[in-house]
Structure formats: structure tokens, C-alpha cells
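**Q** Taken in order, these protein sequences are the chains called A and B. Residue numbering for the first sequence follows my numbering, starting at 261 and increasing by one per position. Residue numbering for the second sequence follows my numbering, starting at 8 and increasing by one per position.
Derived from the structure by calculation, the hints contain no laboratory data. In this text, a Cβ means the ideal position worked out from N, Cα and C, and glycines have one as well. Be aware that one or more of the hints could be misleading.
[What the hints assert, rightly or not] Among chain B residues calculated to face chain A with C-beta under 7 Å, some are:
| # | residue |
| --- | --- |
| 1 | Phe52 |
| 2 | Met53 |
| 3 | Arg55 |
| 4 | Arg56 |
| 5 | Leu57 |
| 6 | Ala315 |
| 7 | Ala316 |
| 8 | Trp317 |
[What the hints assert, rightly or not] A few chain B positions that, by computed beta-carbon distances, are all more than 12 Å from chain A:
| # | residue |
| --- | --- |
| 9 | Pro64 |
| 10 | Met148 |
| 11 | Trp296 |
| 12 | Gly345 |
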Amino acid sequence: MGLEQFKNRNVGTQNYKMLDLGETPKSGWCQFKQVVKRTFKGELIVGLWVTFREMINALFRGQMHTVKYPFEKLPISPRYRAIHDMLRLLESGHYRCIGCGLCEKICISNCITMDTRYDENQRKEVSEYTINFGRCIFCGYCAEVCPELAIVHGPRYENASEQRASFSLFEDMLTPIDKLNLQQEYDGFGAVSPNADDNIKPTPLAY
Amino acid sequence: METTLVENLPQVTWVGSLIKAVLILAVISAIAGFGTFIERKVLAFMQRRLGPMHVGPYGLLQLIADGIKLFTKEDIVPQNANKLIFMVAPAITAATAFVALSAVPVFPDFTIPEFIPLLGGIFVPSIASDLNIGILFVLGMMAAGLYGPLLAGMSQANKWGIIGAARTAIQFLSYEVVTGLSILAPIMLVGSLSFVDFNNAQSGGIGSWLIWQQPVAFVLFLIAGFAETNRTPFDLLEHEAEVVSGYATEYSGMRWGMFFIGEYANMITISIIAAIVFLGGYSEGGLGWLTIILKVGFFFFLMLWVRAAWPHVRPDQLMWLCWKVLMPIAVINVVITGIVMMV
Ligand code: SF4
Ligand code: SF4
Numbered sequence: 261m262g263l264e265q266f267k268n269r270n271v272g273t274q275n276y277k278m279l280d281l282g283e284t285p286k287s288g289w290c291q292f293k294q295v296v297k298r299t300f301k302g303e304l305i306v307g308l309w310v311t312f313r314e315m316i317n318a319l320f321r322g323q324m325h326t327v328k329y330p331f332e333k334l335p336i337s338p339r340y341r342a343i344h345d346m347l348r349l350l351e352s353g354h355y356r357c358i359g360c361g362l363c364e365k366i367c368i369s370n371c372i373t374m375d376t377r378y379d380e381n382q383r384k385e386v387s388e389y390t391i392n393f394g395r396c397i398f399c400g401y402c403a404e405v406c407p408e409l410a411i412v413h414g415p416r417y418e419n420a421s422e423q424r425a426s427f428s429l430f431e432d433m434l435t436p437i438d439k440l441n442l443q444q445e446y447d448g449f450g451a452v453s454p455n456a457d458d459n460i461k462p463t464p465l466a467y
Numbered sequence: 008m009e010t011t012l013v014e015n016l017p018q019v020t021w022v023g024s025l026i027k028a029v030l031i032l033a034v035i036s037a038i039a040g041f042g043t044f045i046e047r048k049v050l051a052f053m054q055r056r057l058g059p060m061h062v063g064p065y066g067l068l069q070l071i072a073d074g075i076k077l078f079t080k081e082d083i084v085p086q087n088a089n090k091l092i093f094m095v096a097p098a099i100t101a102a103t104a105f106v107a108l109s110a111v112p113v114f115p116d117f118t119i120p121e122f123i124p125l126l127g128g129i130f131v132p133s134i135a136s137d138l139n140i141g142i143l144f145v146l147g148m149m150a151a152g153l154y155g156p157l158l159a160g161m162s163q164a165n166k167w168g169i170i171g172a173a174r175t176a177i178q179f180l181s182y183e184v185v186t187g188l189s190i191l192a193p194i195m196l197v198g199s200l201s202f203v204d205f206n207n208a209q210s211g212g213i214g215s216w217l218i219w220q221q222p223v224a225f226v227l228f229l230i231a232g233f234a235e236t237n238r239t240p241f242d243l244l245e246h247e248a249e250v251v252s253g254y255a256t257e258y259s260g261m262r263w264g265m266f267f268i269g270e271y272a273n274m275i276t277i278s279i280i281a282a283i284v285f286l287g288g289y290s291e292g293g294l295g296w297l298t299i300i301l302k303v304g305f306f307f308f309l310m311l312w313v314r315a316a317w318p319h320v321r322p323d324q325l326m327w328l329c330w331k332v333l334m335p336i337a338v339i340n341v342v343i344t345g346i347v348m349m350v
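Just chain B, with the same shape it has in the complex:
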């Protein structure tokens, strides 16, 4: 796939970027919705159930039924809530999740065929905006996404919401350090913050994947990624058994749906980052994009799998884990990487 090298690319026009942005919005929303279906199915199979079965073949159209339900449900704003913030908070989660996706390579680049009127011949890039600090931008955006739960929990005048918001803050304080430090070591090795450079640095087949050089960083990044996306061992913000639904207690209808879509978009983003940074990205062999879909699919499956298998931790355990265990390991990893690079 030499086309992904920057010098071979046709000019990216703003129309191309726009088309790409619309594509990401449409497709990732659909995939996020489909992800809920996959999640329910996988969890069901792991518990020896069938999962959704009745809407469409094997329950495939459940997604549409859920969408209709979410869109048509009454949008309730509690009386004592801070209405503006309450209404804006879900948009923050969803928006930041998609903004983060704009700097990640999501689909292959292609040129719209000439015979299509108006848009023919326009080049659509694989990354909506190819920043040279891609990783930094994506991680920053995903971190900013936690303002969604934080503000939502604080604005809704509900005790569970407040607890959820407090836990959001705890989680935020805990994992952010680990994410940054764990991904620092691969960044040092590659010497760039751009996803394209990461991809090119590992284009030499499986042997050149960064996971072999940085297994510790990989594990740390996965753990932090689970915390970042509120997935199960760290789903403190909305754990039903403890805080009803945490920050999402008072939400209904589409506002709740936006949190949901944001969470799934974040899962996809983390999967893509992990696949590109540690598992070789998208352009080895002739298979190209199929391999990255497989890798992303694996990480997505891993998140569901872990949810089926593991219990979740307490907030204090999360802080203990992140500050006392993971952060020192990450620092040591960075130092050792530095020493090895110098020698």
C-alpha cells in the first residue's frame, strides 16, 4: 500500500476531508450500534444464552429496533438539574469521541470515480485530518471526553450521579498518567507522534511489530485503555450494582444514547490505536486493510470477553493499581527503553 505514503498522495481538498468526516460519522455510528449487538451476543454466548434472536434473522435488526426506541423516547430533564449543562454533557462525550476518530486512520483512502456527478475525482483520505501529532491529539480528545460523564453527573441533582461524577474524576486522575507513560516508550522508539510513521516503522512483517519490543508498554496501554473507555474491570462510573447507573442515572432517550455511542466510538478508537501502535498497523503483506480490521476486531472482542470474565475493581483499587503499580512499571519501562536506545 504505497499510496499511504504521504508523497504519493493526491492533493487532499477540503471537500475530501468533509466527505471523510461524514463517512466517519455515519459508519462509526452504525458500527457503534452494531457493537452493542455484538456485545450482547458475545456476552450471551459466554453465558450460554442466545442473546437477541427475534428481530430479524439472529436478531440482527435489533439494532434498528433499539434505534427507534432511543429516538422516540421522551427526553426527561430533571427539575433541579442544571438544565444547560445536563443537556450539553452527552454531546461532549459523543463529539469528543468522533473528534478523536478524525485523526485516526479509519478506512482505506480512495478516489471517488469520475462518473459520479459533482463529486467525481475527489480524493478521500484515510485520515480525516492527518496531524503530525496524531497520537497526542487522539489521547487528549479522549481524555477531554471524560468531561461528559463528569458534567453530566454533577448537573443532574442526583446522588448517584454525583458519585458517578466523583468516580469519573478518580478514574481520570488514575489512568491518564499510565496511558501517557506507557505509550511514551513506543513513541521514543519510532520517534514520531504520527500514526502514519508508526505504521511505516512496522511495515516489515510480524517480526517488526512493536509489541515484541514493548510487551510491557502494550499491556499497560491495554489496561489504561480499558479504564479510558470505562470497560469492565474499570466500569466504576456506571456500575449498576453500586451506583444505579452513575452519571447516566437521570438520562433517557437519545441523550443516553449519545453516551452510549460515545463509549463505543471510544472503544473503536482505542482498538485502532492499539492495533496501529503495537500490532503493526494496516499495511503489511498484500492483505492491507483486512488485517487491521481483524486486529481491531480482536481488541473489540477482547473488551467484551474481559467483561464476561472478570469482576470489576473498587475505585480505591483502581487508584492503587494505577499509581502504585502501573505508573512505576511504566516509568521503569521508559527508562530502560531510553538506556537501550542510547547504548
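The shape of chain A in the complex, shown without the other chains:
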């Protein structure tokens, strides 16, 4: 298809499809007939029935849509990018981060600050690691670049607090050592939600 159709600015010469809007009443008698027809068509009653049906559905068929948020929470997608978590190695319990500095380098809003040093065994250890959540845009690059799957996005999306610093220390993000068995792997950006099958609906073909 060429571009001619789009370049034609002469309104009115294009191929418009006219919708069938019915007849516009011409005389007073036609107007009157239209009013009578619309009055007795019962569309208002249909409207009443629709809302009543919804009420029955909501009350007796369990289709109430309200989620009482602080008490009930909907599951979030595994792709969701919330406050970061620092994961631990499952075997030793040591933190996974090797202090490579890739996340600090890639962070596009420059909000990861880290420092490393040699410990007594001449191994590299992370001495400082903070994320400034006032600046973080939750782009997820840090989690994607991390070679050790150490920094990931966790499920903590409720990040209202007196100050963002409450989330941002290494210790705050690190999996608590006693909760190591509960540590969740990050499925990554391509992950589908666990209930993805249920969310699939057949394509409506009746258009």
C-alpha cells in the first residue's frame, strides 16, 4: 500500500464508511413517532436490569471486586521491580555479592554507592553498599547486569516510610540469615506469572 491515501489532505474525497444512524426525523410527526418508539423500547428497563444483575452477581455469586488492600493483597507479577533484595548463597549463607561493581557502574541514576576491601583471607568483601532510593528509578539494570544473581528486585512494593534510608542499607536488603530457607529466587524479567494460564482468555471472535 502506498502513502497516497495518507498524503491526501482533501477532506471528503477519502473513502469514508458511513454508519447507519437511522433516519433523522424530518417533520414533527416523525419526531413524535421517534419519541414514542424510544419511550416504549424499554432501554431504561434494560439499564436497570443490568445494574441489578451486577448486584446479584456481586452479592451471591462471589463476583465482588473489592480487595481490602492492607488486609488482602493481590499477588504481584514475578517481573515486578520493587525494592531490591540482596540474596545469600544457599549453601554457606554468605552474601552472593562479589563486589564486582557492575551494578554501580550501570546504574543510570547513579544511586548505588559501594566500596570494597580485602578481608583477612585476602578475599574481596563489600564494606559499603547503599542504594539511594530517592533517586532510584527501578529500571532493573542492576539486577540484570549482576553476574551472581546477588542483587534482585524483591516483592516489597510498600515503600512508604519516614525516610527512604530505611530500605537502602546493605543489611536491610540482605536476606536475614535465619530466613535463608525462605529466600526466593528472582525469576527475572521474562518470567510469567504463576497464574498466567488462568489469565489467558480465548480471543473474542465475535467482533
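Dock chain B with the ligands against the given chain A, drawing on the hints supplied.
**A** Relative to chain A, chain B with the ligands alone:
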């Protein structure tokens, strides 16, 4: 319920009327408040929400929380407003709504038991003041109630308020004719303006309800009643999407609450009138007062239901509807009723 026949009634003293008036004020205010709760719940269910849930079981105490909020809120009077009228206007709405209720039968009549000191043995009537022109009085009072929004809108030095007031005038001009004409046909049939006579005329069971003889008048009266109470298809005065809050834009706290209570009291009044005039009133069968509560409840529910389902009309559409459609139908209805009665 023969006790409602006038000749069987004990003497109504002024103390009885006073007690009745206080009762109406207290109970209807409470019911009006409760009505807001019901409204929010019903609307919520129809939109598949839960509505108020957290104050008390199923949110039942929300009413008290709202009351505290309304009473303790700061009462703001805008600088350029006409202060006196601004402050009096809500009282007009609330007062006329309750005055209208004084001529409607609201609860069953009863005699205060003898063992209560001071008040024992006093007969409390079902109608605070049983006028023989009850319907006329009630409709007149409810019409006068529109002075509330009208004056409120004009006095508050606010554009939205002015538009709201103008719309009040339009609405007033439109529905008042229809209300009068539509209820004229049943009045002709019964030959009285008293609610008690209406009730007695339909005491022969469901078959004798006036709605079967006057279905057109019933529908017209319902439509006009919706307009009279500013309910949804005709809530032009305060439609947020168009005029912020119309006549109530500058009101806060208890003054706004008085408009609210007035509106709900009017809804109850219209429901009672419709139930008594068209649906047989309160004394058929042995169930008596339970049936009228059910009928009034149905009309109240209908108002909420309609609010959930229907869009509202433009002011010019309201005028068109009332003057060009409803009024001719009402006149034709009255004429046909007259012809049938003559033949
Ligand atoms: S999510 Fe993006 S902005 Fe936030 S710390 Fe990671 S790389 Fe930086
Ligand atoms: S990219 Fe991963 S391993 Fe490297 S410093 Fe960041 S968190 Fe540690």
C-alpha cells in the same frame, strides 16, 4: 386497623402532637442518616464494590463517624456571600422537609403506657397534624423547600452556585406542573385531599390499589418525584461533573449536612406519598404497618437503583421532558379520568 378511622381515635392533645413532632424529627433524621449508608452500600453492590466496611460491623457505624465529622467541621462562610441568607438557606431545606413530613402518616399511632410518669396515657397520633388537605400541604411544602438551594446558590458569590441556583429555578418550573397534574387524577377518583381518605379508599386489598386505575399518573408522579428530590436522572442542581457541587459548592460542615438531611427526608416523603396514594397505603390485611414500610423501602431502593443505572439529563432536556411530554400526558390523563368518571 380500624383505629386509624377518625371517629375511633382518642382525643389528640397538643402534648401528643408535640411528642409526635419530636419523634418524627429524631427518627427521620436518624433514618435519613441511615439512608446515606444504605445508598452507599446499594450503589457499591451495584458496582460490585463493598462500600463502607470498616467502622463497625459491615460499616454500620459509618453513620456515627460521618455525623461526628459533620458536626465538628469548621463552618465556613465565604467573604463576599450574603451572610444572613447563606446561613439561613440550609435551614429552609431541612425545615420544609420536616414540615412536609408533619402531615404524612409516618409511624403507627399508639398510646403511651400508663406506668410512665407524666406522659402516661397520652395518645400519639400517626400524623402529627391530620390536615384534610394533606397532599396539597405536603406538595406545597416540598416545593417551598426548593427555596433552600435557590437562595443558597444565589447568596454564596460563587459561579457554580449561581448556575446551581439557575438550574434549581428551571427544575422547579418544570416538575411542579407535572406533580400537580399527575396527582390530580387520583384525587379526582378518591374525591379527597386527605391521606387517610386515600388509605381508606384502597383498603380492599391489592386489587383496589389506585396504581391499577391510574398507571400513567403513577409513572408521571414518580418521574416528577425524582425531579422534586433532585435524584439522579434530574440531579442538575449539584452534578459534580458539570457544576462542581452546584448550590452546595461553598457549604461545609453541618450546613451542608442540613441540605443532605433535607434531601433524604424529601426522598422518604415522596416514597410515603407514592406508597399511600398509589400502592394502597398502610392498612390492608393484618400486616398493616409492615406493608407500608416495605413499600416505602421499595421506593427508596428504586431511587438508589435508578441512580446506579441511569445517566442524568441536561437542564433543557428536563424542561423539554416536563413541558412537552409529561404535561400533555398528564392533562390527557386527567381528561380521560374525568370522562370515565362522568360516564
Ligand atoms: S534499579 Fe536502576 S536506578 Fe535503581 S539502583 Fe538499579 S540500576 Fe540504579
Ligand atoms: S553486580 Fe552484583 S555482584 Fe557485582 S557488585 Fe553489584 S550486586 Fe555485587
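**Q** It remains to establish, for every hint, whether it holds in the given structure.
**A** Structure-based check of each hint:
no.: 1; hint: Phe52; verdict: 5 Å, holds
no.: 2; hint: Met53; verdict: 4 Å, holds
no.: 3; hint: Arg55; verdict: 4 Å, holds
no.: 4; hint: Arg56; verdict: 5 Å, holds
no.: 5; hint: Leu57; verdict: 4 Å, holds
no.: 6; hint: Ala315; verdict: 5 Å, holds
no.: 7; hint: Ala316; verdict: 4 Å, holds
no.: 8; hint: Trp317; verdict: 6 Å, holds
no.: 9; hint: Pro64; verdict: 14 Å, holds
no.: 10; hint: Met148; verdict: 30 Å, holds
no.: 11; hint: Trp296; verdict: 27 Å, holds
no.: 12; hint: Gly345; verdict: 24 Å, holds
When each numbered hint is compared with the structure, no violation occurs for any of them.
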